[in-house]
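**Q** Take a look at the letters that make up each chain.
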Amino acid sequence: MSVLARSVGNAFRNKVRTAAVVAVLAVAIGLALAMLVANQAVTGKVAELNASVGTVLTVNPAGGQGFEGGGEPLTSAQAATAAAVPNVSSVVGTKALRLRNAAEIAAEAAAGQTGRTGQGGPGGQSATSVTTSLTAAVDAGTLGNRNQATSGTAGSTSGTTGSTTAAAPAFSLPITATGIDAEMDSTGKALQLTQGTGLGNYTAASTGALLGTTLATKNGLSVGSTFTIQDQTFTVQGLFDSGTAFGNNALYVTLPTAQTLAALPDELSTMIVTVNSMENVDAAKTALQAALGADKADVTQGQRNLETAVSSLDSVKNISFIAFVAALGTAGLIILLIMVMLVRERRREIGVLKAIGAPNRTIGLQFVLEALVLVALGSVVGAAVASLASGGIASALISSSSTTSAATAQRGGPGGFPGGPGGPLGGASQLLTSVTASASPGVIAAGIAAVFGVAIIGALVPALLTARIRPIEVLRGE
Amino acid sequence: MIEVKNLVRTFKSGDRTIKPVNDVSFELEQGALASIVGKSGSGKSTLLSLLGALDKPTSGDVVVNGVSLATMPDGKLTNYRRRDIGFVFQQFNLIPNLSAVDNVMLPMEFAGVRKGVRAERARQLLEQVQLDPYKHVRRINRLSGGEQQRVAIARALANEPKLILADEPTGNLDEQTGEHIIELLSTLSRDHNTTILVVTHDRALANKTDRRFRLQQGRLTEEPVRTRATAAVTG
Ligand SMILES: Nc1ncnc2c1ncn2[C@@H]1O[C@H](COP(=O)(O)OP(=O)(O)O)[C@@H](O)[C@H]1O
Ligand SMILES: [Mg+2]
Chain H
955 MSVLARSVGN AFRNKVRTAA VVAVLAVAIG LALAMLVANQ AVTGKVAELN ASVGTVLTVN
1015 PAGGQGFEGG GEPLTSAQAA TAAAVPNVSS VVGTKALRLR NAAEIAAEAA AGQTGRTGQG
1075 GPGGQSATSV TTSLTAAVDA GTLGNRNQAT SGTAGSTSGT TGSTTAAAPA FSLPITATGI
1135 DAEMDSTGKA LQLTQGTGLG NYTAASTGAL LGTTLATKNG LSVGSTFTIQ DQTFTVQGLF
1195 DSGTAFGNNA LYVTLPTAQT LAALPDELST MIVTVNSMEN VDAAKTALQA ALGADKADVT
1255 QGQRNLETAV SSLDSVKNIS FIAFVAALGT AGLIILLIMV MLVRERRREI GVLKAIGAPN
1315 RTIGLQFVLE ALVLVALGSV VGAAVASLAS GGIASALISS SSTTSAATAQ RGGPGGFPGG
1375 PGGPLGGASQ LLTSVTASAS PGVIAAGIAA VFGVAIIGAL VPALLTARIR PIEVLRGE
Chain P
29 MIEVKNLVRT FKSGDRTIKP VNDVSFELEQ GALASIVGKS GSGKSTLLSL LGALDKPTSG
89 DVVVNGVSLA TMPDGKLTNY RRRDIGFVFQ QFNLIPNLSA VDNVMLPMEF AGVRKGVRAE
149 RARQLLEQVQ LDPYKHVRRI NRLSGGEQQR VAIARALANE PKLILADEPT GNLDEQTGEH
209 IIELLSTLSR DHNTTILVVT HDRALANKTD RRFRLQQGRL TEEPVRTRAT AAVTG
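From first to last, the protein sequence lines stand for chains H and P.
Each residue of the first sequence is one higher than the last, beginning at 955 in the working numbering.
Each residue of the second sequence is one higher than the last, beginning at 29 in the working numbering.
Any given hint might turn out to be false.
These stretches of chain P come out as covered by chain H in the derived footprint (C-beta under 8 Å, 3 or more residues) [what the hints assert, rightly or not]:
1) 78-84
2) 96-110
3) 114-122
4) 223-233
In short, the hints are calculated from the structure, not lab data.
The beta-carbon is built from N, C-alpha and C at its ideal position, and this holds for glycine as well.
Let's have the full structure, built from the sequences with the hints guiding it.
**A** Here you go:
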């Protein structure tokens, strides 16, 4: 018989009561663990959102938004100005090119749309048209055809009458080539490379290019293949997957390369400005707008809807954390009360142990261990409960709060943000429901460690009470 | 050698104070076998608890081999109870959910005796008090009063104490087993030089002790007894 064996034995002395205590503890511990799992899942998601899209501002040339077109192009000097704004952690310049192959240009010419300059293209982004050997991977669809037709009209007023009678041919969408000076897509998200490597130094001219997966497939290209833009040969150095068909009908080259291809050195189509934290986004936006000048640049927060998403997730995070702490405290309190009760009940027995020479610490240890046996049983049952319930709890917590943010996302509507290829617009609700609360062993282990910590504290008080029981208690009732 | 000096223990019950131990003094040489007799409520258990350091006297002192209990800190008193004292309680006070062997091993565990050694010694002690071997591993609450009494005596002997304090050790035993326990105690005092002080109503037991004390309303007086030597001669 050791202290531990005695403690285990004592924990099962009254089996019915032990079962009841374990059941109550299991509920508290299970709830604590479920809340911790939910909290971790949401915290992870918030961090992910904040890290990627939540803190991104997009700078376009003034008047470049919507369908107006015009304004002065952005320059590298403005990028430097933007980088100097407080709380701005990075500025990525991009230069967009619209790539068309010879066949499409011929088709356009036949349709009498040769007057296009490319400026004021769909979505108003200042893109420059250049030729390529590539064929687009997606068809234009209704919207695309309409865009092609109207922008053609806008681009060449003289051709308007000529083209109205002609049946509109099915265009394929131009391929978006974007020069970037960091490994990011045009919405500020890190590029997800599925094959190959990045372009290395994005601030130097290079003949390397990163292709969207569908574009590469359409053109039978893989890493190491070559193609041409403006008769210049480029090598595919990597493939990326943006997650959308339109997003994958694109390619990236380094910023100086794009500027050279466009013959517009120093000129930027957009700047992707990342702010250091969610809280500073509004302040940074104002400061950035002031620094660049309202007549020169438009600063927009492309992911406004996500801010609501993040703040509702934040409240879920807080609620789940408070619930975790409360459930943990409850578990501790249950242990405290049970052990106080046991100490009172076994007063006389504690007196016996003291009368036959048991040191106080041995008795205290025996009671703490007994409490831990109960907590261990409660944790096993509680963890099982938590792993079954945490998914449900997390999605219940989130769906109740995402109803509001989904509505907000809808309001973002089809009025549109510039250029974003099928962007994460309206994706907030998807992002929210994609918070999967999986009970990772690490989180469960950390939660159980916390439970044991609280249990030891809860058991320590009654264990210390045993030290105050005098050996003469043994004669009580004699 | 145990010296009891002007020992007083008072209790307050309501606005009355009672003195179950009232200025008690005596000496017991090492190896003595002594008994205390007296009516119920005369303070016998209270006196034993003071000698066994279960309780602290209101005044006076108990000096064991030159060491005063009155000035001893609590930690040392724990050691004293564990090493020097074997207590047999009137109501046995065994741990009900442990087996007989586990109960006897308990004081040895507290004294840091190795597991194998204490299991073997516990078995021997239970044999000495004539507990059937198949009952050694039985839980205490499934043993009879007499059997529990014997386990309690075996437990008191576990750490080979210098002083055994026994409160009515034969009270629940049949005559034959009682005789055996008396034999065991007197053998211990004679052969192992263990001092033994028993509280008893049992005349047979009281008559077999070297010295006999009577406690009356908290006051202790010694009564003459036939010594073991004279008992053997006249016997
Ligand atoms: N803790 C206590 N509080 C109050 N009175 C006590 C206490 N312990 C014992 N007494 C009283 O002291 C007297 C002596 O008790 P006790 O020593 O048990 O007598 P005995 O063992 O001789 O029967 C009794 O009257 C008892 O009620
Ligand atoms: Mg008594």
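**Q** Next, verify each hint and record whether it holds.
**A** The hints, checked one at a time:
| no. | hint | verdict |
| --- | --- | --- |
| 1 | 78-84 | holds (count 4) |
| 2 | 96-110 | holds (count 5) |
| 3 | 114-122 | holds (count 6) |
| 4 | 223-233 | violated (count 0) |
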